[in-house]
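Chains as they are written, first to last, in UniProt numbering: chain A, 1 to 986; chain B, 1 to 384.
A hint or two may mislead.
To be verified - What the simulated footprint calls covered on chain B by chain A, stretch by stretch (three residues with Cβ under 8 Å from a Cβ of chain A suffice, anywhere in the stretch; the number is not a length):
#1 44-54
#2 187-200
#3 206-216
Claimed, not checked - In silico lysine-lysine, DSS-like type, Cα no more than 30 Å apart, as pairs:
#4 A:Lys267 - B:Lys111
#5 B:Lys163 - A:Lys267
#6 A:Lys33 - B:Lys68
#7 B:Lys199 - A:Lys33
#8 A:Lys584 - A:Lys503
#9 B:Lys163 - A:Lys20
#10 A:Lys33 - B:Lys249
#11 B:Lys73 - B:Lys199
#12 B:Lys68 - A:Lys30
#13 B:Lys152 - A:Lys33
#14 A:Lys20 - B:Lys73
#15 A:Lys267 - A:Lys745
#16 B:Lys363 - A:Lys27
#17 A:Lys33 - B:Lys111
#18 B:Lys163 - A:Lys27
#19 B:Lys152 - A:Lys30
#20 A:Lys27 - B:Lys73
#21 A:Lys30 - B:Lys163
#22 A:Lys325 - A:Lys387
#23 B:Lys199 - A:Lys30
#24 A:Lys20 - B:Lys225
#25 A:Lys33 - B:Lys73
#26 A:Lys267 - B:Lys152
#27 B:Lys68 - A:Lys20
#28 B:Lys73 - A:Lys30
No wet-lab data here; the hints were simulated from the structure.
The C-beta atom is built at its ideal place from N, Cα and C for all residues, glycine as well.
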Amino acid sequence: MASLKRTAGADPFAQNISSKVYVRSTKSGKVQKIVREVYLRQDIPCSSNLCQACLKSAPRNAAGELTPFVLSDKPAGTKTFPQGHYLVPDTNAFLTAMDLFEQSSAFYDVVVLQIVLEEVRNRSLPLYNRLVGLTKSEDKRFYVFFNEFRLETYVPREEGETVNDRNDRAVRKAVKWYGEHLAKTSRAKTVPAVVMLSNDKDNLRKAKTEGLNACSLAEYVGQLKDGDKLLDMIPDAQDRDVTRDRKPGEHLYPEYQSLSKMMTGVKAGVLHQGIFNVSPYNYLEGSIRVPAFPKALLILGRENINRAIDGDVVVVEVLPKDHWKEPSSKVIEEDTITKNENPDTEDAGDLVSEKERKALQEEVRRTQNKASETLPQPTARVIGVIKRNWRQYVGHIDQSSVSSASQGRKQDTVFLIPMDKKIPKIRLRTRQVAELLGKRLLVAIDAWDRDSRHPVGHLVRSLGELETKAAETEALLLEWDVQYRPFPKTVLDCLPKEGHDWKVPASTEDPGWTDREDLRGLLICSIDPIGCQDIDDALHARPLPNGNFEVGVHIADVSHFVKPNNAMDNEASIRGTTVYLVDKRIDMLPMLLGTDLCSLKPYVERYAFSVIWEMSPSGDIVSSRFTKSVIKSREAFSYEEAQLRIDDVSQQDDLTQGIRTLLALSKKLRQKRMDAGALSLSSPEVKIQMESETSDPIDVKTKQLLDTNSLVEEFMLLANISVAGRIYQAFPQTAILRRHAAPPKTNFEELANQLKTKRNFDLNVESSRALADSLDACVDPKEPFFNTLVRIMATRCMMSAEYFCSGTQAEPEFRHYGLASEIYTHFTSPIRRYADLVAHRQLAAAIGYEAVDPSVRSRGRLEAVCKNINVRHRNAQMAGRASIAYYVGQALRDRPAAEEDAFVIKIFSNGFVVLVPRFGIEGLIRLRDLAEPEPAAEFDAENYVLSTSGSRTERVELFQKVVVKVSDQKDEITGKRGVKMELVRA
Amino acid sequence: MSTNHVLLSPAELAYLHASLSLLPPLRPDGRAPNQFRPVSAETGVLPGANGSARVCFADGTEAIVGVKAEVEKTRTRLGRDPEEEEGGYDPAAEAAAADDDDEGGSEDDRKGHSDWVEMTVEIPGQRDDEAGTVFLAAMLSEALLADGEFVKRLYINRRFHWKLYLDILLISPPLSYPLPLLSLTTHLALLATRLPRLKSEGDEDPLFDDDWAMSDYLYARVAGKAVSRPPLTLLVMAVGSNIIFDPAKEELAVADVALAVSVGEAVAGSLSSRTGSKKMEIDTGIGGGRNLRLLSVRTIDPPSRLTPPGVPNEKNTAYGAAAVTAAQKQPEARTVETESVEGVWKAPRGGAKVLVMAALVDKCLEKGGVADEVFDALEAVDLG
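With the rest of the complex left out, here is chain B:
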């Protein structure tokens, strides 16, 4: 993984691992396991963009996201009505469609395509085609595109759609794994994104109101509050059975398992205005907090796996252990790796345990849990 190496000695790693394994865990910066680092955020930093946001973490990492929207002609995919082929405009068909539903384009007509979002991530000092950067972009866009609900918002009519360009910029050196920061910033930028108001009707060439003040939020707002929110990707890790949110770089260096969990709001009544009511049946009405929905999970290879193992004192020649011959070295080395000695660092091996994974995901989706808290915090940011 591209998270840069932390220069910690095996002894330090072992100490960290031990303190994080305590119940409750003791984090180096004194945070509670489900506590985020302090965040400051603002939106509208880029006046020329349709939406933008800037978020700073207390550790000094900082990111800016700009969202630009462009009108694009929808290319018909195979298997669709040839009538709707590129630019094929048929007023008769349109009139018929207008008779069917007065809203112009019923819910089922709204179809999105993942091509409609283009995301680029830029990390200072790294090539944009580096595996780590690409993986970051993939995770962030996966969260957006996973359930296909987001791209439906970009639908204009059967012939046109908005194409969204998300430019995600880390503007500080990558002091910690930037995924949570970038996700938070993207979330905020999308919340603040506004699209010009459509004036034309039906399948006409779109015509927009030239008054920016009249533009609509991508995520419709009622009385200053968004009725639905973009997804959020959280970085969670586990050490032993402890689940730790928003790990710092050092913590990540000793993680047994690290997950990127994307959560979105389960479609409650609010979104039904756009996406129809059939989603209503999904568990609603339990009350308290919001209904969260798992969008995607990615395991992240924690850097801890690449750390060199510690050597117990009894094996260390410097501490008087007998020097071993070349012939003896091999079997002994294996014992070092297999045997875990208290206080000696040993890189985690093997996949994450299913139970731990389940616990991690559950924790993320917990009502009134961390995700909820983060959603609430971001909601409080003024979208000026």
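Isolated chain A, as found in the complex:
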């Protein structure tokens, strides 16, 4: 009987074929044995520019072109390898020190083995993406070598060998092959050394016995020129085992449960999975929203939080009822409580320090005193982390944690205080404390062990001096994950070749004119904020013979320039939105498009996407149509200019009349919207006035709203709604829409209760209409700002609006609560929002202008896009706000402390939060800031009153108008600058 199996001897091709066998567990619980055949080849190039053999055999594409070789023919040398070297890191090297590889000073000519890349992907997706990014960058010269497919470097697994050992052997084999291969084929006399980088002692030892060049990361970095600086970026994983031999049972934190146990529990509904959030006011209090309960579960105290960091996906267990508590009414800030901790010693012994315990103790006492008035909330404890969502954090070194006697290049351990208050202090080991003090630093968390009070991290890089504009701006961009690197070349290659000289083709025969309407004759103008360069939208209105009006909204035709799925489109979809900072704009699209070719600048012809309605004088839409067009804007107004022009009776030209028509119609539209129950919400908006030369902030002003603002707004809303209806009709499953869910009533509970007890107003949240009406009723005749204050607070109770793909929600869920519209999308700002660009493509396909691109009707892809732009959108807003807050602080910096009116918006038992409308900032005033010594206080939680006695007698209640002194202050201990508020009088 001839065997059916492939055996090594019988088959002449057998050596080219191998197979991999593994077990795959699917989500649905299936467990399968998977066999993959591996076909080994000999034409996978080594990609060294020195090698001549590979040049001949390397596969070519259909056009007969060769992928250019990556590795330099003159690689850099080090002390040990003066002849130059190629690096071959193993998986752990990438996992532990990706930041090192991203350095621009070293780490060039790196061979990334396929096996390593795959392992990195399995272990950490973010690191994998960074590594892929490196392999794509042209100047870093990272080459992915498919060692698993090259005959010479393929390593079959041996009997009884673990996967890790086999992979290590594969790495060594590849290193060996590279060395031998280059020696054979190189045309240069000196062959660069091929150096394996690994932190695995065993692997290093084996490599050395095999006669390979191998270094640990620390050894290698030590050979580099600026090695000392880079040393800080290597996590100190190795020496940690040595320094800390704690006996078992002395761990500070409870151990996490096994994944299978947690998953079983979650499936059975005994345990709950969700995203862990930390309260911004109390670092010892977290909350987690789980599908099983309508309200979030509280997680109190270090032990229960059990090493979870804000944003992690965790599994929690609900605690027994006698552990249930109320959410804290007290401000607990990490830096004040743990101020004097010593980062070097971990001998604090117990997990919860005495001070923390005391802070929590008071908490409990308070809860118990009050017995049953407000029900305690269920609490939970973290029993495991499903996914760490650690990112890189920006912060600065806690000055007090630096030992004064630090000298030389000794490694010190210091605390880093992250900018984000929700992130715990990070222990950092560094040799350059003196240099890093007072700088903004970017760090990454490496690990958080059971026996370490704080997570351990390493330095990524220094952003620069604290409070310098560049460092702070970069810090907040990093903190909000805004992509701010310049556009790569591949993106810029997608721009029109003509550059700024691009013009709408003169001949209407040109393909660019196909199916475009010539609207150059219309009197179109744009109205935007002063200095706006990326003009998305322009308008026109003219009377029709039948007494109705023709109104047009013309949007920059970005989709003409950004074709689906090219590099520029991908980059834009990742960026998602343009981010506006006070002094800077981070564009979604390259400048050329955003501020020139797409921008509907006045006096030049531009491509546009037009929505044109016929409207009755009462503002009813008679008909609407959509068309691609060519327009010529007659004027670019600022809001103020447009307002002046409207108000100036002497201006009677057609353009001005058109604007007046628009204004009249917009008022009617607005009234209709308000009648339908649209909310007018509020957020404290301010504007920073800059000195024009140095762009230093000199003053802060609240934004003024003009009629013309709402003119533009109304027509944009109308255009968005019209387009939303049209694309939903054309693509019922895949239209990109925007919804704003009705907020759950529980969100308003507290505010309603506050309004009821303090001012006896009823907040009716039955519908958006009812809410709008009850908000309108909240007026304090003595205090005009009170209504705005309530609106600001109501806004914070709302859900955030989100993009979604129409197939993912039921039609009633499409509703936009705030705008009281049944359907809504974003169409009017394609230069600065990616969603609008997608809407443009969908509308173009819907009106038959172009063929439907697969990317705009693939639901999976659109869902991914929506998810990303929702996050980007929120981050952009946060970054913008943070930027304003920073500049407000800077504007206050050198001014005498001003006394300002402020309103109390939140009360704790040991402090309260005030909002200063003039600057649009909030500040916390603690009891201990009121007077020295800290006055005794009585907190009436039911009536939201905090009365102090003793060293200072004040009575502060919610919504109260107080006078505060606003000044800028630098905390000498933490080195942190912030706005300081002092209560002048209540």
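Knowing the structure of chain A, use the given hints to seat chain B on it.
Here is chain B on its own, set in the frame of chain A:
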């Protein structure tokens, strides 16, 4: 029975029957009565399956068996603790259980169910719902399920078990009754079957090691040898008082009685690691060979019963016998059937004799006998 007809004349049948009745019997292929046809076998022919085997008999029949395993939720049967109803996971109960026995799931908890094995037999040229094929599958699965020990191996925890799909394929035309071939192949495939190693503990949702090299054999092996073996079904027939193993098609055509005997290993100390020690008391320690245990016996209707009887020469008109009238035909025909004439084929009638049956079964269970030999032979196959 579905064994296809052998085209032998009554005279040939009579000759065969006579030679097999001799002492010792003379088999057409010259084998000894307890000798198997030469077998060649290999395992692991189907890389994607959890276990597979291929066996060829020297007569050209060939079979492949693939074993696939899937994780399945155990459905609670009536009368069991409602706590354990589908998906009912109670960490407290589990913790309590974990306290009781550290092995997680003591022996008595391991319960199997015959639903956990699904077997399909495919014979080329035959419908899969044909009685003969179904009967074959029934016999093969009966051997596996008879004592309930096999399905216990498929137990994962109280909430999950492996579901085993056995696909048994005859890939040559059915030249002889395929039962022994299929049984041998199935046995070998089960020996070679490996299941991913369980990583989770207790009654958690099972989580498995993704390294195939770490997977466990369904029949645990120590130092390259299985400590216990799957059952084996042997085809035995008797002609007169002669007992003949592994009959060829022609031999079966003259069998007085044919039996499918399933034997398994009696649980000796080796299996106790899984199934507990109370089985130990069953006759052990006699030494030499293995303790075999009868799992099931099925009689197979031998095709000989369907063969037409021979006509003695004196009755044959062609040989000068007087032509009989229609009226005379009836009684004479009866004499032909009742009377046995030397050298004239007569289909066997009536059931098997109890003594013969007992002898057949005894022969199968004989220490160091044929079954033992076959077990040994299959053990020698490399499970690569």
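So, going through the hints one by one against the coordinates:
no.	hint	verdict
1	44-54	holds (count 7)
2	187-200	holds (count 3)
3	206-216	holds (count 9)
4	A:Lys267 - B:Lys111	24 Å, holds
5	B:Lys163 - A:Lys267	22 Å, holds
6	A:Lys33 - B:Lys68	9 Å, holds
7	B:Lys199 - A:Lys33	16 Å, holds
8	A:Lys584 - A:Lys503	28 Å, holds
9	B:Lys163 - A:Lys20	24 Å, holds
10	A:Lys33 - B:Lys249	39 Å, violated
11	B:Lys73 - B:Lys199	17 Å, holds
12	B:Lys68 - A:Lys30	12 Å, holds
13	B:Lys152 - A:Lys33	22 Å, holds
14	A:Lys20 - B:Lys73	29 Å, holds
15	A:Lys267 - A:Lys745	28 Å, holds
16	B:Lys363 - A:Lys27	52 Å, violated
17	A:Lys33 - B:Lys111	25 Å, holds
18	B:Lys163 - A:Lys27	18 Å, holds
19	B:Lys152 - A:Lys30	20 Å, holds
20	A:Lys27 - B:Lys73	14 Å, holds
21	A:Lys30 - B:Lys163	11 Å, holds
22	A:Lys325 - A:Lys387	27 Å, holds
23	B:Lys199 - A:Lys30	15 Å, holds
24	A:Lys20 - B:Lys225	25 Å, holds
25	A:Lys33 - B:Lys73	19 Å, holds
26	A:Lys267 - B:Lys152	26 Å, holds
27	B:Lys68 - A:Lys20	18 Å, holds
28	B:Lys73 - A:Lys30	11 Å, holds
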